[in-house]
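Chains as they are written, first to last, in numbering that gives the first Met the number 0: chain A, 0 to 260; chain B, 0 to 225; chain C, 0 to 225.
Each hint should be verified, as a subset may be incorrect.
To be verified - Here are the simulated EDC-like cross-link-like pairs (lysine to aspartate or glutamate), alpha carbons at most 16 Å apart as the crow flies:
1) C:134 / C:49
2) C:182 / C:203
3) B:191 / C:203
4) A:128 / B:50
5) C:169 / B:192
6) B:174 / A:119
7) A:128 / B:80
8) C:119 / A:20
9) B:134 / A:233
10) A:105 / C:203
11) C:200 / A:233
12) A:105 / A:189
13) A:24 / A:102
14) B:96 / B:144
15) B:161 / B:195
16) B:96 / B:49
17) C:174 / B:192
18) A:105 / C:201
19) A:180 / A:243
20) A:114 / C:195
21) A:128 / C:49
22) B:155 / A:152
23) A:114 / C:159
24) C:174 / B:195
25) B:155 / B:170
26) A:105 / C:66
Don't read these hints as lab results, they were simulated from the structure.
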Amino acid sequence: MSSSLNFHLEHYEGPLDLLLDLIRKQQIDIRDIPIAKITAQYFEYMEKARQMDIDLSAEFVYMAATLIYIKSKMLLPEDPILAKDGAEEDPRQELVDRLLEHEQYKNAAEMLQQKRLIEENVWSNPQVKAFISEDEDPGISTTLFDLVKAFGEVLERAKNRPIYEVAGEDVSVADMMLYLKSIFLSVGDDEPVFIVRIFERQRSRRAMIALFLAVLEMVKLQAVEVCQQDLFGEIALRRQKSFDTVFAGGDPVSAIEKDYR
Amino acid sequence: MEDTFASASTPPEAVSADELLTSSAGQAVALSSTDAQLKAVLEAIVYVTEEPLSAIQIADALGEPRERVEKLLELLVGQFDLPEHGVTIREVAGGYKMATKAEHHERVRAFVKSLRPQLKLSLPALETLAVIAYKQPVTAPEILEIRGVQGAGVLKTLLDRKLIATAGRKDVIGKPILYKTTKEFMVQFGLKDLSELPTLKEFEEIRRLALSDEPAASEADQGAAS
Amino acid sequence: MEDTFASASTPPEAVSADELLTSSAGQAVALSSTDAQLKAVLEAIVYVTEEPLSAIQIADALGEPRERVEKLLELLVGQFDLPEHGVTIREVAGGYKMATKAEHHERVRAFVKSLRPQLKLSLPALETLAVIAYKQPVTAPEILEIRGVQGAGVLKTLLDRKLIATAGRKDVIGKPILYKTTKEFMVQFGLKDLSELPTLKEFEEIRRLALSDEPAASEADQGAAS
Numbered sequence: 000m001s002s003s004l005n006f007h008l009e010h011y012e013g014p015l016d017l018l019l020d021l022i023r024k025q026q027i028d029i030r031d032i033p034i035a036k037i038t039a040q041y042f043e044y045m046e047k048a049r050q051m052d053i054d055l056s057a058e059f060v061y062m063a064a065t066l067i068y069i070k071s072k073m074l075l076p077e078d079p080i081l082a083k084d085g086a087e088e089d090p091r092q093e094l095v096d097r098l099l100e101h102e103q104y105k106n107a108a109e110m111l112q113q114k115r116l117i118e119e120n121v122w123s124n125p126q127v128k129a130f131i132s133e134d135e136d137p138g139i140s141t142t143l144f145d146l147v148k149a150f151g152e153v154l155e156r157a158k159n160r161p162i163y164e165v166a167g168e169d170v171s172v173a174d175m176m177l178y179l180k181s182i183f184l185s186v187g188d189d190e191p192v193f194i195v196r197i198f199e200r201q202r203s204r205r206a207m208i209a210l211f212l213a214v215l216e217m218v219k220l221q222a223v224e225v226c227q228q229d230l231f232g233e234i235a236l237r238r239q240k241s242f243d244t245v246f247a248g249g250d251p252v253s254a255i256e257k258d259y260r
Numbered sequence: 000m001e002d003t004f005a006s007a008s009t010p011p012e013a014v015s016a017d018e019l020l021t022s023s024a025g026q027a028v029a030l031s032s033t034d035a036q037l038k039a040v041l042e043a044i045v046y047v048t049e050e051p052l053s054a055i056q057i058a059d060a061l062g063e064p065r066e067r068v069e070k071l072l073e074l075l076v077g078q079f080d081l082p083e084h085g086v087t088i089r090e091v092a093g094g095y096k097m098a099t100k101a102e103h104h105e106r107v108r109a110f111v112k113s114l115r116p117q118l119k120l121s122l123p124a125l126e127t128l129a130v131i132a133y134k135q136p137v138t139a140p141e142i143l144e145i146r147g148v149q150g151a152g153v154l155k156t157l158l159d160r161k162l163i164a165t166a167g168r169k170d171v172i173g174k175p176i177l178y179k180t181t182k183e184f185m186v187q188f189g190l191k192d193l194s195e196l197p198t199l200k201e202f203e204e205i206r207r208l209a210l211s212d213e214p215a216a217s218e219a220d221q222g223a224a225s
Numbered sequence: 000m001e002d003t004f005a006s007a008s009t010p011p012e013a014v015s016a017d018e019l020l021t022s023s024a025g026q027a028v029a030l031s032s033t034d035a036q037l038k039a040v041l042e043a044i045v046y047v048t049e050e051p052l053s054a055i056q057i058a059d060a061l062g063e064p065r066e067r068v069e070k071l072l073e074l075l076v077g078q079f080d081l082p083e084h085g086v087t088i089r090e091v092a093g094g095y096k097m098a099t100k101a102e103h104h105e106r107v108r109a110f111v112k113s114l115r116p117q118l119k120l121s122l123p124a125l126e127t128l129a130v131i132a133y134k135q136p137v138t139a140p141e142i143l144e145i146r147g148v149q150g151a152g153v154l155k156t157l158l159d160r161k162l163i164a165t166a167g168r169k170d171v172i173g174k175p176i177l178y179k180t181t182k183e184f185m186v187q188f189g190l191k192d193l194s195e196l197p198t199l200k201e202f203e204e205i206r207r208l209a210l211s212d213e214p215a216a217s218e219a220d221q222g223a224a225s
């Protein structure tokens, strides 16, 4: 395998990149590609990649087929019927058009990279923070993609969340305490937990009773306190300072387990 | 690298203009072109830094004589003090810092306030909105169930912003209120109709491809850099 | 030398000096004192804001005539363009934004401490971005067709960085999602507006010129590319 081209196996993103590189390196007129020569070089590259165990994508194989097709078509004599109709299209034309278009976008990408290079050396220092009062949540600017992403993340989280079997008959007060604990741990330290909403999620009477008793137990143990933000507002539970110590050993929970048996 | 920026810089003939600066007193001050250039650099530095920097700190970092930097900074302060400027260079905490002038604060603040319409949401609000958009009509307990997190007040925020609206009640125990997204929601997210929402499947597809493309992309990147 | 820095305080009689401003052409421009004040406010606003704001946005928020604001912003741009300034007011993404001048980057860099995370994009990502910028709105299959490679994964990178956004669905079989570039794209690449992108024809022109200059030019070209 002697070759005029001595390419160390470069990484090409796709077959168009490889072809363009072959054409430009050899200063071939892109509108008059010597298809036999280029096809040979293309196959040489593919063979080398195979030897080096580099996986070329399916697009490379497809392009190889295209090249062979063009090559064979060029070997055929001109179709007399088509010739009568006017000039038969050069079998290379479609490929040339694609290559030229592809090259334009490569140039555009390069231009963008240069523009970016300038931007990397320019700094801005907006001071808008000084004019936004602290109580205003600046938030994150939101696009449609953020919306799908947020939904995807919510579902992902739901998938990974431990499941508490509350539908069964054997849901206990201790289970409910651990369930409440997990809810508290999933919200921020000072975040209130609105208890009515958790009641709404229970699917059985028994679960609701267990939950109610669990809340009372936790209040008794001073792990949480019951509060109401405003008159007739939603009843919420708030974590007390001793929350962590109450649950530290797991003892109170097992003790309660016995109590209710 | 240098060449890229050459076009942005000054033509050499314009040097005379550099040297004619207006001092705080309104008199023309002759400044050597290297001084003028250093003063411009100082302006950029004072603009860009968050913490007030002292003349000594700047001079040492630039490797320039302290007195020279001090003098040019003074000149800079004097220039920005002129009423034609809305920003100024203040000497605070032993250093120099750019800031807006107090006399314009009211108009700047009013202006910043007027800019709010751009849609910005907290993460809980965004998540809740996402659940409603994809599961509508949906009740609060259902949203809670899916998100697994208490989102107190978020529904109110979204209702206030008219991104969601109520849509009757669900026929289950307790008859909870159903929520749906609004026309305003579609306007804000540039949707013609709800079918334009990317499906979760499409999102997964994009993400999956991103993961499989990762090594190839970084290789190409290295190739380009070398 | 000492004298040139004299008298830092502005005497009240110097009001006439306020009104004598230097335009971009270096000529003195007479400005009414209300215009001078408005210009100062504009300077403060452009300094403060994060997103490039258009003259219209600013004018409307301030309740001032658009042409007046436009004229004064132009004047402001011209003044900061003078080499005596190290910061400048740039027109990007259809608006105005203050920033340091690129020509001072080397000396300013030392003072910049992670003001902005660097945006490094792989070549495939840049190519995809280029296709979207020129063909927008465009679908993933169309991008694939032009690039000749499976590389939809970079779409996620571009979406994550808010350089592109979705733009509805195309009315063909499968209703694929359309993509477009964002304002952030223009900011990150310092583009005034999309028309500033050279046309693809122009690229071909450049290529042809390079070829006609053979062989020296094409050699230089290869040298630059490697």
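Hint-by-hint comparison with the structure:
Distance check on the hinted pair: residue 134 of chain C and residue 49 of chain C sit about 28 Å apart at the alpha-carbon level, beyond 16 Å; violated. Between residue 182 of chain C and residue 203 of chain C the CA atoms are separated by roughly 27 Å; this puts the pair beyond 16 Å, and the hint is violated. Pair hint residue 191 of chain B plus residue 203 of chain C does not hold up; C-alpha atoms about 37 Å apart against a cutoff of 16 Å. For a cut-off of 16 Å, the pair hint linking residue 128 of chain A to residue 50 of chain B stands: about 15 Å separates their Cα positions.
Pair hint residue 169 of chain C plus residue 192 of chain B holds up; C-alpha atoms about 13 Å apart against a cutoff of 16 Å. Annotation: proposed proximity of residue 174 of chain B to residue 119 of chain A is violated, straight-line Cα distance about 57 Å (limit 16 Å). At roughly 23 Å between alpha-carbon atoms, residue 128 of chain A and residue 80 of chain B are farther apart than 16 Å, so this suggested pair is violated. With a C-alpha separation of about 24 Å, the suggested pair residue 119 of chain C and residue 20 of chain A falls outside the 16 Å cut-off, and the hint is violated.
Note on residue 134 of chain B and residue 233 of chain A: the hinted pairing is violated, with a Cα-Cα distance of about 25 Å set against a maximum of 16 Å. Distance check on the hinted pair: residue 105 of chain A and residue 203 of chain C sit about 11 Å apart at the alpha-carbon level, within 16 Å; holds. Between residue 200 of chain C and residue 233 of chain A, the direct Cα distance comes to roughly 65 Å. Violation of the 16 Å bound is thereby established for this hinted pair. Distance check on the hinted pair: residue 105 of chain A and residue 189 of chain A sit about 53 Å apart at the alpha-carbon level, beyond 16 Å; violated.
Proximity of residue 24 of chain A to residue 102 of chain A is assessed by CA-CA distance (about 14 Å); at most 16 Å being required, the pair is judged to hold. Only pairs whose Cα atoms come within 16 Å are accepted, and residue 96 of chain B paired with residue 144 of chain B is rejected, the gap being roughly 50 Å. For the suggested pair residue 161 of chain B and residue 195 of chain B, the alpha carbons sit about 20 Å apart, so the restraint of at most 16 Å is broken. With a CA separation close to 8 Å, the supplied pair residue 96 of chain B and residue 49 of chain B stays within the 16 Å bound.
Distance restraint check for residue 174 of chain C and residue 192 of chain B: the Cα-Cα separation of roughly 13 Å lies within the 16 Å cut-off, and the hinted pair is therefore satisfied. Restraint check for residue 105 of chain A and residue 201 of chain C: satisfied, since their Cα atoms lie roughly 13 Å apart, inside the 16 Å limit. The straight-line distance between the Cα atoms of residue 180 of chain A and residue 243 of chain A is roughly 10 Å, inside the 16 Å bound, and the hint therefore holds. A C-alpha spacing of about 12 Å is found between residue 114 of chain A and residue 195 of chain C, which places the hinted pair at or below 16 Å, so the restraint holds.
Taking the CA atoms of residue 128 of chain A and residue 49 of chain C, the gap is near 9 Å; set against the 16 Å cutoff, the hint holds. A threshold of 16 Å between alpha carbons decides the hint, and for residue 155 of chain B with residue 152 of chain A the separation of about 22 Å lies outside it, so the pair is violated. Our distance criterion of 16 Å between C-alpha atoms is broken by residue 114 of chain A and residue 159 of chain C, whose separation comes to about 20 Å. A C-alpha spacing of about 9 Å is found between residue 174 of chain C and residue 195 of chain B, which places the hinted pair at or below 16 Å, so the restraint holds.
This hinted pair does not check out: residue 155 of chain B and residue 170 of chain B have alpha carbons roughly 22 Å apart, beyond 16 Å. For the given pair, residue 105 of chain A sits about 40 Å from residue 66 of chain C by alpha-carbon distance, which is inconsistent with the 16 Å threshold.
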